[in-house]
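Undergrad: Use these hints to put chains B, C, D, E and F onto chain A, whose structure you have.
Number of protein chains: 6
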Amino acid sequence: MSIKNVKTKNISWLKLKNTTTTPETEKLFEDSIETRGFIRNMQAVLGQFPAVLLAQDALSRALTVEYEGGLNGKERELIALVVSVQNRCRPCVWGHAAKLRQITGDALWVGGIEVNYRDAELSPRERAIADYVQKLTEAPETVEEHDLAPLRASGVTEQEIIEVVAIAAYFNFSNRINSGLGVQPNPEPFLSFR
Amino acid sequence: MSIKNVKTKNISWLKLKNTTTTPETEKLFEDSIETRGFIRNMQAVLGQFPAVLLAQDALSRALTVEYEGGLNGKERELIALVVSVQNRCRPCVWGHAAKLRQITGDALWVGGIEVNYRDAELSPRERAIADYVQKLTEAPETVEEHDLAPLRASGVTEQEIIEVVAIAAYFNFSNRINSGLGVQPNPEPFLSFR
Amino acid sequence: MSIKNVKTKNISWLKLKNTTTTPETEKLFEDSIETRGFIRNMQAVLGQFPAVLLAQDALSRALTVEYEGGLNGKERELIALVVSVQNRCRPCVWGHAAKLRQITGDALWVGGIEVNYRDAELSPRERAIADYVQKLTEAPETVEEHDLAPLRASGVTEQEIIEVVAIAAYFNFSNRINSGLGVQPNPEPFLSFR
Amino acid sequence: MSIKNVKTKNISWLKLKNTTTTPETEKLFEDSIETRGFIRNMQAVLGQFPAVLLAQDALSRALTVEYEGGLNGKERELIALVVSVQNRCRPCVWGHAAKLRQITGDALWVGGIEVNYRDAELSPRERAIADYVQKLTEAPETVEEHDLAPLRASGVTEQEIIEVVAIAAYFNFSNRINSGLGVQPNPEPFLSFR
Amino acid sequence: MSIKNVKTKNISWLKLKNTTTTPETEKLFEDSIETRGFIRNMQAVLGQFPAVLLAQDALSRALTVEYEGGLNGKERELIALVVSVQNRCRPCVWGHAAKLRQITGDALWVGGIEVNYRDAELSPRERAIADYVQKLTEAPETVEEHDLAPLRASGVTEQEIIEVVAIAAYFNFSNRINSGLGVQPNPEPFLSFR
Amino acid sequence: MSIKNVKTKNISWLKLKNTTTTPETEKLFEDSIETRGFIRNMQAVLGQFPAVLLAQDALSRALTVEYEGGLNGKERELIALVVSVQNRCRPCVWGHAAKLRQITGDALWVGGIEVNYRDAELSPRERAIADYVQKLTEAPETVEEHDLAPLRASGVTEQEIIEVVAIAAYFNFSNRINSGLGVQPNPEPFLSFR
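Heads up: the sequence lines are chains A, B, C, D, E and F, in that order.
Quick note, our numbering runs 402 ahead of the 1-based positions in the first sequence.
Quick note, our numbering runs 402 ahead of the 1-based positions in the second sequence.
Quick note, our numbering runs 402 ahead of the 1-based positions in the third sequence.
Quick note, our numbering runs 402 ahead of the 1-based positions in the fourth sequence.
Quick note, our numbering runs 402 ahead of the 1-based positions in the fifth sequence.
Quick note, our numbering runs 402 ahead of the 1-based positions in the sixth sequence.
No lab work stands behind these hints: they were computed from the structure.
Some hints could be false.
Calculated cross-link-like contacts (lysine-lysine; reagent style DSS-like; alpha-carbon spacing at most 30 Å) [what the hints assert, rightly or not]: (1) F:Lys409 with E:Lys537; (2) C:Lys537 with C:Lys501; (3) B:Lys537 with B:Lys429; (4) C:Lys419 with D:Lys537; (5) F:Lys537 with F:Lys476; (6) E:Lys537 with C:Lys537; (7) D:Lys501 with D:Lys429; (8) F:Lys406 with F:Lys417; (9) E:Lys409 with F:Lys537; (10) E:Lys409 with E:Lys419; (11) D:Lys417 with C:Lys417; (12) C:Lys537 with D:Lys429; (13) F:Lys406 with E:Lys537; (14) C:Lys476 with C:Lys537; (15) C:Lys419 with D:Lys501; (16) E:Lys476 with E:Lys406; (17) A:Lys537 with B:Lys411; (18) A:Lys419 with A:Lys409; (19) A:Lys537 with B:Lys537; (20) E:Lys476 with E:Lys419; (21) A:Lys537 with B:Lys417.
Since we're looking at a predicted model, the values are computed, not measured.
In isolation and in its complexed conformation, chain A is listed as follows (with noise of 0.2 Å):
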């Protein structure tokens, strides 16, 4: 398969020409289509920004995918789907609430926590997760020190408190590059893991 062009018409609110790839976002392009099987359209749209696109990408991998040890897959992508949820992100709750269903096959519980995690049930770990990225999300000027405590008193490590506010600032990042070009969410993964 090869990309030349990426479709970047009525995908947003902007008025693009489609985009035409370089060998790098080339390669972006085709990975996204067979991993997942199809291109989401927020990195359709950065694709007319190379290197943005690119280091993107890269965070997004970096946090969500590719490290080791840490926060196992359901507390990330529960951190995603909480700020998403605080952000009302259209593309971000359906990608990550998917995600957090094909995690944990629990497709009610994740239904829960896309309305109000505070209703949900979390063990003590992810609610002391949870809160501390939802003050963060809502009010970043509020935080202090003294609001890792929960954190720590339930086991979260050092390492482990850069991956959650890292997590949780990332999608502060995505969920404003969505709302602030009105990035129309993909269907699939709203439709998937149910």
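TA: Coordinates of chains B, C, D, E and F only, in the frame set by chain A:
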């Protein structure tokens, strides 16, 4: 110069061992010292996760340094500062106020942005940009396509809208890395270009 | 079938004995099982106060089921969902998303409303309704007569304005019954009409 | 007395014909005049939808008048007033301040609640109730089971918690009927029991 | 009459000795008793710092009593009340509602302002003034020159704008003296001019 | 030197004639030039209402300059700056950051307060004071007596609590004078004591 260890003690809330570099992060830190004379504390902390650090650095450079065309440097740094002031992030406010002083040579004007961009003298185009990123920072869920009208009316192109949004989104990321980890600001930028 | 006792254990935060029905509430619960196959947890809890349950049920039916003319079913359920999403009420979001899926046959569209109605495809009339009930939910003290202009401009009649307001007001009631008592959602609606 | 038509002009923002009663609403209006000497404007407007009016009236009576046991009258009206003050609803503030003056005979104390219940003299039980309904009104999505601890500690029973929540929820309904329709307050309660 | 000591016990949260007057504050307190029949608790507490009390009293009189021309008394007291209602300050709401009753002779209208000025009958000029001081109270950082347009359009002069702002600013001062020190309201104004 | 006219053009949003002094305001302006070398724009504008200017000046001096005992200068200016940063008032932030630089000789520390006092190094006493005035500024209606506990615990006396509150209240006044009138900041303080 060769950087094998990067100090991470007392530069954040975290109790971390000093960071051992990888070849890639070693180069990044060496470049940082060469370019700006010091290592930013945020990057020192992220050095614990080389893949995240490298992606963050690539994203930062992609948005604020390396690309051509589109927004000028003053506009890019204005976005950085407006977002960081709203999020009350010390390292980012100090760092990007310094860059804006360097670009404009007008410490007084920058000092006004540090308090309230609404009271500062801005061109209609700058004001439209500032208003958009302020709203995207405070309440991303309420941003709608009609909010883009003032940008388009003042000559911001579709390509430039992506830049505006991506830079604003990036600082909503980096502000939260700093605020979530309690990263101490480096003093150098505070003192420079006055 | 005859319902003499309704289970109220582990369906809310309250430590309650199971509810003994009165003839009227017995009939209500029997009808509920006949119509939807289960008893909603909110009604099971309210069964402790028969007069409140009967009035709540009458109000609910008056607003969403039984009347003729005025708003169509899609509009009624749109109001229910927009209000319940704002208040982040799990039982109501699940229940009324299901009804909206049933009416529209469009799970994807409903899934968009569940995140952010501002990004969903709505007719001008639907959008005017959604904006009004959003404001009435978030900040009732700021609603003024001029806020009705978009509704009137899109053909909402004076009679229908009463419906819009009454439905929105009712869900601000039922959301708070659920959130104030920690009522657990019934799982059935979550799974239906997908 | 026989009420065939209820005036609905100039008592709200709506341009409505006067309401023709049904036998049930005729009785309701006649009872209202007999009991309190006038028809509340909210009920006059809701008279356009007999089923809604009848259900609203039943709910209101179920919560504030007719039941025995549980919260006393002062507590019930305190909830009504705290919620209505927060929502800044003129008809409800005036109406329930009057009832609280009638019950307590202490216009000064009631006048304090009308400004800020936090500064008024309340028993620990009353204060716990007031704090709970304030939070449930302002931010229902943040209410959690541990917020019930002060109520339970001050002797509020599980049954009474349902009352507290139902009354608070009901006024979040009726406040929004008034605020969403621009219902004018009746003057009589404002002037009574001083 | 000679006032050498002013009672400060049980009129605020503070544990203070009674205040010994200076010749200047003695005169101030004597004038207060002569004019209104009592000493306002806020002034009794501030009597501990004679210079602050004298300046506060001079500022208060300069803004609400002594000047000629400009805003009329109803407008001045409207500002006082709108600001104090927003800040939910008991002594100021009671005091300035009384003055507005005295000026207008319309307790019902004043009672409406005490709940929500948006629902009260105001002239366009009064409404423009009320909206401006409401915004200046809630979110001073967002006030911009274009917010003055409705005032200017309704005939408020440049000189009068200073009055509007100074009165609103003053009550943001006095409200916080009361709220920060827990000053108890004097009962007299609550009961007067009804 | 004799000041008969004070320039008021282009120092605020107002279209004002230059101000003719009275003997009292002439002295005030002369003293200002003698003491600090310039006339503050806020005072130039208030010069239009001599009684208000004189009272404001007396209040300002009573709180920040002339009294003995109680809070030290650093604490007084810390309050001024914390409040003014929250209200995002340019003239007051610039002016009181300068005074705090003068007192502490530590521009870096002051620069931290200008972004977020929560991240700055404060003694427990200073932190208790800062938290109290932050809350009193943001949400005066929620301040309660128990919020005073940290102040009392760190040695703030009852007399000093009056100072804390009065200074915070005063800057909620002066911030709104500036923000409501669009007063331009004087540049001198911004540049001094660095």
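Undergrad: Is the Cα-Cα distance between Lys476 of chain E and Lys406 of chain E 30 Å or less?
TA: Since the Cα atoms of Lys476 of chain E and Lys406 of chain E sit roughly 35 Å apart, the hinted pair is violated (cutoff 30 Å).
Undergrad: Is the Cα-Cα distance between Lys537 of chain A and Lys537 of chain B 30 Å or less?
TA: Measuring from Cα to Cα gives roughly 19 Å; hence the hint holds.
Undergrad: Would you mind confirming whether the straight-line C-alpha gap from Lys419 of chain C to Lys537 of chain D stays at or under 30 Å?
TA: Given that 30 Å is the threshold and the Cα spacing comes to 27 Å, the pair holds.
Undergrad: Check the hint pairing Lys537 of chain A with Lys411 of chain B against an upper bound of 30 Å on the C-alpha distance.
TA: Holds, at about 25 Å.
Undergrad: For the pair supplied as a hint, Lys501 of chain D and Lys429 of chain D, confirm whether the alpha-carbon distance does not exceed 30 Å.
TA: Within the cut-off at roughly 23 Å; holds.
Undergrad: Is the Cα-Cα distance between Lys537 of chain C and Lys501 of chain C 30 Å or less?
TA: Answer holds: Lys537 of chain C to Lys501 of chain C is near 23 Å, not above 30 Å.
Undergrad: If you draw a straight line from the CA of Lys537 of chain E to the CA of Lys537 of chain C, is it 30 Å or shorter?
TA: holds (18 Å)
Undergrad: Given the hinted pair Lys409 of chain E and Lys537 of chain F, is their Cα-Cα distance within 30 Å?
TA: holds (28 Å)
Undergrad: Hey, Lys419 of chain C versus Lys501 of chain D, does the alpha-carbon distance stay inside 30 Å?
TA: With Cα atoms ~33 Å apart, Lys419 of chain C and Lys501 of chain D exceed 30 Å; violated.
Undergrad: Is Lys537 of chain A close enough to Lys417 of chain B, meaning Cα to Cα at most 30 Å?
TA: Holds, at roughly 22 Å.
Undergrad: Decide if the proposed pair is consistent with the structure: Lys419 of chain A and Lys409 of chain A, CA atoms, cutoff 30 Å inclusive.
TA: holds (8 Å)
Undergrad: Hinted pair, alpha-carbon criterion (30 Å max): Lys406 of chain F, Lys417 of chain F. Please report holds or violated.
TA: holds (19 Å)
Hints 3, 11, 12, 13, 15, 16, 20, counting from the list given before, are not met by this structure.
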